[in-house]
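Knowing the structure of chain C, use the given hints to seat chain W on it.
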Amino acid sequence: MVCGLLEPDCGVVTIAGRRAEQELAVRNLVGYVPQDVALYPDLTARENLSFLGSLYQLRSKELAARVAEVLELTDLTERANDRVDSFSGGMKRCLNIGAGLLHHPKLLVLDEPTVGVDPQSRHAILERVQAFGREGMAVLYTTHYMEEAERVCDRVGIVDHGRLIAESTRKELVERLEERDRIELGASGDLERLARACREIPGVENAATTDTSVQVVASDSRRMLPLLLEAAENAGVTVNTVDVVEPDLEAVFLHLTGTALRD
Amino acid sequence: MRSVFVIARKDLRQRLRDCSAIVLGLVAPLTIAALMSFAFKGTESFHFTLGVVDSDHGPVASALIHALESPASRQIVTVKMYLSESAARAAVRNSKASSALVIPAGFSTSVTTNRPESLTTVTNVNNLIATNVTQSIATSYIAQLNADRLSVFTALGPSPTQGEINRLAADAATLRIPIQAVEKPVGAHQLTAISYFAPAMAIFFLLFIINFTARSFFVDRAEGMIERMRAAPVRPLEILAGKALSVFVYGLFSLATVAVITSAVFGAHWGNSLAVSLLLLAMVISVVCMTALVIGVSRTQRQAEGFVSILTFGLALLGGNFIFISSAPPLMRHLALFTPNGWALRGITSLATIGGGPGSVVTPILAMLAFSVVIGGVAASLANRAVSS
Chain C
1 MVCGLLEPDC GVVTIAGRRA EQELAVRNLV GYVPQDVALY PDLTARENLS
51 FLGSLYQLRS KELAARVAEV LELTDLTERA NDRVDSFSGG MKRCLNIGAG
101 LLHHPKLLVL DEPTVGVDPQ SRHAILERVQ AFGREGMAVL YTTHYMEEAE
151 RVCDRVGIVD HGRLIAESTR KELVERLEER DRIELGASGD LERLARACRE
201 IPGVENAATT DTSVQVVASD SRRMLPLLLE AAENAGVTVN TVDVVEPDLE
251 AVFLHLTGTA LRD
Chain W
264 MRSVFVIARK DLRQRLRDCS AIVLGLVAPL TIAALMSFAF KGTESFHFTL
314 GVVDSDHGPV ASALIHALES PASRQIVTVK MYLSESAARA AVRNSKASSA
364 LVIPAGFSTS VTTNRPESLT TVTNVNNLIA TNVTQSIATS YIAQLNADRL
414 SVFTALGPSP TQGEINRLAA DAATLRIPIQ AVEKPVGAHQ LTAISYFAPA
464 MAIFFLLFII NFTARSFFVD RAEGMIERMR AAPVRPLEIL AGKALSVFVY
514 GLFSLATVAV ITSAVFGAHW GNSLAVSLLL LAMVISVVCM TALVIGVSRT
564 QRQAEGFVSI LTFGLALLGG NFIFISSAPP LMRHLALFTP NGWALRGITS
614 LATIGGGPGS VVTPILAMLA FSVVIGGVAA SLANRAVSS
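As they're listed, the protein sequences go chains C and W. So the first sequence is residues 1 to 263, counted in our numbering. So the second sequence is residues 264 to 652, counted in our numbering.
No wet-lab data here; the hints were simulated from the structure. Keep in mind that a hint or two might mislead.
As the list claims (entries may be wrong) - Here are some of the chain C residues that sit facing chain W, going by a computed Cβ distance under 7 Å:
#1 C3
#2 L5
#3 A25
#4 R27
#5 N28
#6 Y32
#7 P34
#8 A38
#9 S54
#10 L55
#11 Y56
To be verified - To spell it out: a stretch of chain W is covered by chain C in this simulated footprint if at least three of its residues, at any positions, have a beta carbon under 8 Å from a beta carbon of chain C; those stretches are:
#12 273 to 283
#13 476 to 489
#14 496 to 504
All residues carry an ideal CB built from backbone N, CA and C; glycine is no exception.
Chain C on its own, in the form it takes in the complex:
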């Protein structure tokens, strides 16, 4: 909706005081980086950037300067004239992000930019996003990785089934958990059965499964641990690890949605 790709069901999107759906030119203020790499594989890095920059009304010298700037920023200057299909996944990711920066947007929308990225590239991307923020650019960063949101976001919005159910600073969101902790039971067996059993224990607020664990939000975790282990035994589930995690965004998400985030 912010990028003009979806019509809002209700409400309005305002960017720098201008209504996004009413003015096409507002899109010049927004840089969009899609989740999947969206570049022409049969064009070179320079050709891709020149094409996308031209769509944002950049011309001749200014366009060439911005393209050079982005190639520099993404460490791709030496590969500028190589076709994108010859790039590694990390290089494509970097160029994909760089393409969203060509026109110096006021707002950068990053849609899960680290999905499928190796740890080194992921670290580089997060560093860069933090740098954008320090330079004064607003960054709207969507992710399923709570540790990324904790690291790069000043404010966090939690969206569940297409609805924004909470939006605040990390500190304020975590404070909503009050004295609750997140207990992660690394287990094998019928995890859904264990999650159901956990929900029936008084004091357990929510329990949800991931592929390898059951995440429980509960108050007074010290008192709760023996009860959870007993429930696991009764459910025929083998618990391999137990982690009691200080309140974090993942616990907030579980608390608010009743759903654990999966890797």
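Quick look at chain W alone, frame taken from chain C:
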């Protein structure tokens, strides 16, 4: 508006980088036109060698041979005399003669008696036109003789003297073969195979651009490029217009190049340059609109490819890109008028044979533009859905 040119330039760059575009736009139409021209060479004019065996040596046989050797017949037939039927058969078998006509002994005498003799034709199954023409000559000559005989007996009564019969028979012998094949072009120029198949193949392969562009659109969409363009200050219609402009430029370049090369190298006669240019322009506009329509109505790449296959071969078959439409049955000729390529070929054929300038192709151009307005209007109304979905 600038975005339209930016998108078109990018598409053209990709197309030129892709060898298949060059193959489809230039190599294929030139090759197929040359091959079809070679295959159909000779069908636009006809001449054959007729072996004749005169075992009669009478006045009627001489009159027949004289008629076959007359200047009017010489345009289509060269007479070669053989001494015997077996020699004529051998000549036909060895392709030294296309077919043969055997005039039996007593043929002239039989005209004045009640013992009619038959002309024998020797034909070759591999040369059907010569076979048909030879049989027509024999049949029509016999029919003429029978008419003459009837006239003789009607004129002279039931008991004519031999002298009267001979005199009338001699008069009858001077009669000509009543039906003659005369080679004559429809207009000022003969329509050669290359002059028909060069534009026919150029237009046929032009239709493949629809598939090319529709596929590129859906690949762009699948790879997120359309979404990326939409996130920029670009209207959905501009994205589609950019794609359409690249089709227009590529199509025009392809047609113009094929026209120039077939004219210069293969001797194709396209007619008045300005009129041909206008016709090709209208044809390319039609292709642009059809491309936009396919993109507009299709939801997936596979669906688009299905539509394009039906459209391309349907139009090519109906429009006459594979056959001389002027020799097709009336229904086919009428159906061709529902296709832009049918109108384009009609216009180009008219220019190549009858001649004329831009004024002579106003009707085909208007027909193609009307087709484009309807198709383009529907496509424009679907543009937003196509780009946004």
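Of the hints given before, which are not true for this structure? none
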